[in-house]
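J.: Residue numbers (the numbering used here), protein chains in the order written: chain A, 1 to 423; chain B, 424 to 786.
Read the hints as simulated data drawn from the structure, not as lab findings.
Among the hints, erroneous ones may be present.
[To be verified] Cross-link-like lysine-lysine pairs, in silico, DSSO-like; alpha carbons within 30 Å at most:
1. A:Lys259 / B:Lys459
2. A:Lys154 / A:Lys201
3. A:Lys201 / B:Lys786
4. B:Lys489 / A:Lys201
5. B:Lys673 / B:Lys702
6. A:Lys128 / B:Lys459
7. A:Lys153 / B:Lys610
8. B:Lys786 / A:Lys196
9. B:Lys702 / A:Lys134
10. A:Lys106 / B:Lys739
11. A:Lys196 / B:Lys462
12. B:Lys610 / A:Lys154
13. A:Lys196 / A:Lys372
14. A:Lys134 / A:Lys153
15. B:Lys459 / A:Lys201
16. A:Lys259 / B:Lys786
17. B:Lys786 / A:Lys372
18. B:Lys786 / A:Lys128
19. A:Lys165 / A:Lys134
20. A:Lys201 / B:Lys739
21. A:Lys196 / B:Lys588
22. A:Lys259 / B:Lys588
23. A:Lys259 / B:Lys610
24. B:Lys634 / A:Lys372
25. A:Lys196 / B:Lys489
26. B:Lys786 / A:Lys106
27. A:Lys196 / A:Lys128
The chain contents come next:
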Amino acid sequence: MTDTTSDGPMLAADGTPLKKSLARALRLQKMRALMLIAPLLLFVLFSFIIPIFSMLSRSVENDIVADTLPLTVVELQAWNADSGELPDEAVYAAFVADMVVAIEAKKHTRLGTRLNYEQTGMSSLFRKSGRKIKRMDPATDGPFKEALIDVDKKWGDVETWRVIKTHSPRITNGYFLNAVDMRRTPEGAQAQPEDKQILVKLFGRTLIMSLIITGSCILLGYPVAWILANLPMRTANVLMILVLLPFWTSLLVRTSAWKVMLQQQGVINEVLVWLGMVADDARLVMINNQTGTIIAMTHILLPFMILPMYSVMQTINPSYLRAAKSMGATNWTAFWRVYFPLSIPGIGAGSILVFILAIGYYITPEIVGGTKGVFISNRIAYHISSSLNWGLAAALGTILLAVVLILYWAYDKIVGIDNVKLG
Amino acid sequence: MKFTKLTALAVTTALVAPAAFAQEMTIVSWGGAYSKSQKNAYHDPYSEKTGVTIINDDSSAEAVAKLRAMNEAGNVTWDVVDVVAADAIRLCDEGLAMEIDPDTMLAPAPDGTSAADDFGDLLVSDCFIPQIVYSTTFGYRTDLVGDTPPTEICAVFDTEAYPGKRSLEKRPINNMEWALLCDGVAKDDVYDVLATPEGQDQALAKLDTIKDDVIWWSAGADTPQLLADGEIVMGSTYNGRLFSVIEEQKQPVAMLWDAQVFDLDGWIIPAGLSEERQKQALDYIMFATDTQRLADQAKWISYGPARASSAPLVGKHADLGIDMAPHMPTDPNNAKNTFLYNYEFWADYRDDIDAKFQAWLAK
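From just these sequences and the hints, can you work out the full model?
T.: See below:
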């Protein structure tokens, strides 16, 4: 009896091998844990991750040309875009056949809008031609080449057909090229004309200004967090409300308040003029430029810096400082060699929070940023809500997301993400 | 026997059902004083007449993007949407708004003129039902311009005669036209010139001369606020906003009507509504865009009614008791030199010129 048990697998009370039984118990436990977080997981999946990916996928998706003009796209394959010659009758006939179907489904104007992002004039070309092509019969009214050029002379322009052919693939890099101030042409990627280049500049500006804002949040937040952490609990709690109060106020209200403070007829300028420190005709320009954006955003994001710093500083034992001093360290040495290194996880957490929030900010720069203080997110908002160029907006958003992930990775390599403490 | 009774019942229900509308409808507009004028002139009388509750949604500024998202999700929750004409054209192009037949879906004028003739040229899109004519024009501080108040548009570019900041909208539309006009381009040639890269450069070069003196706005409320604060000497905005600064808030501000740009605002009905809701929306539109209703709206806001037959019915402001006709952008005294927003041009050139304009702004 004893022999068999020592040789064979160890059995649980019900006779199953212990390993199996344990695994089952653990699996049950895991399942139960999964069930508990399932609602949140599903919620995040459906309301966050799937929408984000479907939005990002628009940055390369370009079904509209091939779906609206299926026959034309096939016929255009045979046409050499660099020949300088117009496509032949087969392309025109296919185009009319496609258009008649598209007009019926009211999709041709949509295609016009899409192609207008690439070539000015496409929008009205499709809208106006649609009204006339509607009356054509693809079976009997041929030949169509002359007829179409009659409808609008742009159909006799090689460039029009080059644009359609260039943007016909279902997957395109065109939006990403546009997002970095380039464009897709039959000859490959080319730089946009200089007077239309703006997006790369805005990416750079967004990163630099977010860094400046993060820096000024550290400088302003560190002393505040230090005071809060070293005051008696009762006083600290009262002061904490002062930190949190702006946090609870609407973003728009705070931004508008800065407008009242900073403008040339605003509170600060009035006081300075009244004190005689600034001449009446040389009032300071502190808003509608980068200064305005930096001041307002630093104020708005400051709590995100102070809170993690405070919670980390609270855990630093004050006797470390006393020990350092008792061994002969000056105040500065004790702070710099002992206290500061211990508080770095708080700075790291605050910086990541502030930087990532800053990089995607758009209301505040829009209101106080003027022309030089706007971010890339303002262009994304424009393309989402005004120009309806969601492909370009998605490409810009994807790049922004990639930049954040790269910076996060770099931060992990340099500082180490396990050094970050939120409390 | 039983069978016939049931059938009869079913038939009667089917006949009665379409008349019984849903009890609620969501109407989207711009909010503020504008929505208030619509509530007074359209929503309240309509609710009184039909018993339908009207829910206001102040989302017109993002209407195009939101409608597209709703349409893709297959769940359009809006019944009637107030948009500017350029957005209506965009929505119509995208297949997001339903096409309107003015002869069957809109009320004729009291004298029998068909709706199509009554609205005339203002029916700029197949999906658009015009409601008001508004204009983008300049207001200036009367106490900051000395003894020679500006009378014409080029004062905006004259920083010597009128020193101080100006506010302009942060987009190329209107600004490019004004710049060319003040750079010696004849009014009839403005869009021909603006269609060429050289013309666009010319307009930007003219704007360059005042770039350091401009505060760029993106919300219609910005210029009135900047004027009231004395932050700017003159600035562009919608004429109704200036009316409220001048007449309601009694600020020292006056209108510079010269070269005002007319634009239209009106209704669209989203595509893809259920039959019942579409019927309800059309019923509302038929009621809210008739001659009297359009004239009524002018009692609460200084925008001109879009029907020719409404103009003679415009009366006094409901609260201030002043005559509204002289404050309408379409009043002959105000409309000596006007532009009409060139919808077709900007539908084509907006993406291109906007990119150049933004690049120029960031320089």
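J.: Of the numbered hints stated previously, which ones are contradicted by the structure, given in increasing order?
T.: 2, 5, 6, 10, 11, 15, 18, 20, 23 and 26
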